[in-house]
Amino acid sequence: MSEFLQQYGGEIAQLTMEHLWLTFAAMLFATAIAVPVGVALTRKPGWAKPVIGVANVLQTIPSLAMFGFLLPLPWLGERAARVANTYAGIRGIDPTLIDVAQAMGLTDAQRFFKVELPLAAPFILAGLRTATVTCVGIATIAAAVGAGGLGELIFRGVASVDNELVLAGAIPAALLALACDGGLGLVERWARVPGPGTAA
Amino acid sequence: MVSGLVFLGSRRNFRVFAADIFVTRGTFVPTLDLVSAAIEFRNVCFRRERGRRLLDDISFAVEEGTTTAVLGRSGSGKTTLLRTVNRMIEPNSGEVLLEGENVRSRDLIALRRGVGYVIQETGLFPHMTVERNVGLVLEAEDHERRERELRSQDLLNAVGLEARTFGPRYPFQLSGGQRQRVGLARALAAEPPVLLMDEPFGALDPLTRGEMQDMLRELMARLKKTVLLVTHDLDEALYLGDRIVLLHEGKMVADLAPEEFLRSREPEIESYVRAFHRGEESAAPNAVGGKRA
Chain A
5 MSEFLQQYGG
15 EIAQLTMEHL
25 WLTFAAMLFA
35 TAIAVPVGVA
45 LTRKPGWAKP
55 VIGVANVLQT
65 IPSLAMFGFL
75 LPLPWLGERA
85 ARVANTYAGI
95 RGIDPTLIDV
105 AQAMGLTDAQ
115 RFFKVELPLA
125 APFILAGLRT
135 ATVTCVGIAT
145 IAAAVGAGGL
155 GELIFRGVAS
165 VDNELVLAGA
175 IPAALLALAC
185 DGGLGLVERW
195 ARVPGPGTAA
Chain B
591 MVSGLVFLGS
601 RRNFRVFAAD
611 IFVTRGTFVP
621 TLDLVSAAIE
631 FRNVCFRRER
641 GRRLLDDISF
651 AVEEGTTTAV
661 LGRSGSGKTT
671 LLRTVNRMIE
681 PNSGEVLLEG
691 ENVRSRDLIA
701 LRRGVGYVIQ
711 ETGLFPHMTV
721 ERNVGLVLEA
731 EDHERREREL
741 RSQDLLNAVG
751 LEARTFGPRY
761 PFQLSGGQRQ
771 RVGLARALAA
781 EPPVLLMDEP
791 FGALDPLTRG
801 EMQDMLRELM
811 ARLKKTVLLV
821 THDLDEALYL
831 GDRIVLLHEG
841 KMVADLAPEE
851 FLRSREPEIE
861 SYVRAFHRGE
871 ESAAPNAVGG
881 KRA
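Chains A and B are the protein sequences, given in the same order. Here the first sequence is numbered in this note's numbering, starting from 5 and rising by one per residue. Here the second sequence is numbered in this note's numbering, starting from 591 and rising by one per residue.
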C-alpha cells in the first residue's frame, strides 16, 4: 500500500488537482450560462417551458457522446438543471415581496440584487451543489478524450486490468465529491434565509 | 391675466402664483381645497382587459395632513384605487394628482420612494434584519450606513419598538403587531409626505389592532402626514379617518366626514353601517363620539 502510494502518490495528487480544476471550470461555465438564462426566464415566463424543455432534452444525451463534440459540452446537462433551479428559485419568491420592492421604488437592478437573488440563492446553491457532485463523477470520463483528471488512472487501470489503479482514481474522485458536497453545504447554510428553525 | 396664468399652470405652479398674489396685493386668498389637496383623483377609471370596471369615475381629494379612509367590501376597488397613487396601477382614464402634479409626469422610481406604502402582510424582507428593512429606501438611495442606522433606530423608537432590541432581529422573530410596526417605520423612512396604507391592521387580533390604531393616530397627528387608508373595518375608518370614502363595485358612493357618514340615509351607507354593527343596538351613533373622546 505504502509502496503503491509512494509510486503513485504524486500523480494522484496532481490528477486530483487537475480533476478539481476540470470540475471547477465546467461549473463556472455552466453557472455563467445557466443562472443568467434562469433569471431571464423569470422576466419572460412564456419562454420558460420551451427553454427548460430543450435543456432537459440536452440533459438526456449521454455524457460520453457529448465528449465527442466538444470538451465543455458534457456539462450542458448540469446546466439544464441549474436553469430550472434558478428559474424556480426566483419564481418561488412570495409575489408580495416583489410587489413591495417595486412599490418602495427599488430599481430593477436593486430589486434583483437586494431581494430576488438573495431569496433565490438557497435554491440556486442547492442546484449548484447537486450539479457539482454529479460533475465530479462525470469529469472522470473527460480522460477518455485526453482532458486528464482522475479518470486517467481509472482508464489506465481498466486497460491494464489493474484494480489498484482503478481505485487510485475512483477513491479520490469519490472523496472529492464528498468534499465538494460538504463545502457547498456550508455555503448553502450561510446563504439560507433566516426563518423559524434556522440559526439566525 | 393673473388668473389665466393660474389655470394654465400645473397645481404646483398655482401655489407659487397664489402665494405671490397674496403677498403683492394682500387681498386674494386662494380657496383651501385648490391649494392643499395632497392627493386628488379626477375621474379615475380602471378596468382589466376584458374585465369589469374596477374603478368607475372616481373623483375626490385628500387634504394635506389628513387621513382619508377608503371603505368598502372586498372587491370594491379600494386597493386598486390606492395603487394608482404610486402607479402600481395605471388608470385607463382620468388622472391622479400628487401635490398638484399628475403622477404620470413624475419619475416612477422617485415617485414611489416619495410615497410610503404599508400593506397587510407587511412585506418585510425575510433575509434582512429589521433595521435594514426599515432603512432599505435610504439604502436604495445610497445614503451612508451610519445615517441609515440612525434613521432606522429613530423610526423604530417612534413606532414603539426599542431599536436596540428589535433592530438586529429578523422578521420571523417578531409578532404580527411588531411586524406591522416595522412596516410602518419602513414606510416612513424616506420622510414621505404621503402614506398609502392597505388594510395595515387587517391580520391582527382586535387588541393588537386597537393598540396599533392608537399608535398610528398619535403618530400621524404628530407627523402631519397625508394618509390614504384602505380598510373594510368601519370602526377603523371612523376612528382614524378625517374623511370616509365608500366604494361600492368600483363606484364612489360617499365622501363624508365620519359623523355625516353615520347619519347618512344613503342606502349603501346604511346597509354597510348596519352590516357592521349587527347585533349592537344603536352602537353606531356612539362609535364616533365614544372613541374620539
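Note that these hints are calculated values from the structure, not bench results. Even for Gly, the Cβ is constructed at its ideal location relative to N, Cα and C. Honestly, I wouldn't trust all of these hints.
[Said to hold, decoys possible] With the C-beta cut set under 7 Å, the calculated list includes, among others, these residues of chain A facing chain B:
1. 35
2. 36
3. 92
4. 96
5. 100
6. 104
7. 108
8. 110
9. 111
10. 121
11. 122
12. 123
13. 197
14. 198
15. 200
[Said to hold, decoys possible] Partial list, computed: chain A residues near chain B (C-beta under 8 Å):
16. 11
17. 109
18. 113
19. 134
20. 170
Taking the hints in turn, this is what the structure says about them:
| no. | hint | in the structure |
| --- | --- | --- |
| 1 | 35 | 21 Å, violated |
| 2 | 36 | 24 Å, violated |
| 3 | 92 | 18 Å, violated |
| 4 | 96 | 13 Å, violated |
| 5 | 100 | 5 Å, holds |
| 6 | 104 | 3 Å, holds |
| 7 | 108 | 6 Å, holds |
| 8 | 110 | 5 Å, holds |
| 9 | 111 | 6 Å, holds |
| 10 | 121 | 10 Å, violated |
| 11 | 122 | 5 Å, holds |
| 12 | 123 | 6 Å, holds |
| 13 | 197 | 5 Å, holds |
| 14 | 198 | 4 Å, holds |
| 15 | 200 | 6 Å, holds |
| 16 | 11 | 52 Å, violated |
| 17 | 109 | 3 Å, holds |
| 18 | 113 | 10 Å, violated |
| 19 | 134 | 22 Å, violated |
| 20 | 170 | 46 Å, violated |
Figure legend: structure checked against the earlier numbered hints; hints not met, in rising order: 1, 2, 3, 4, 10, 16, 18, 19 and 20.
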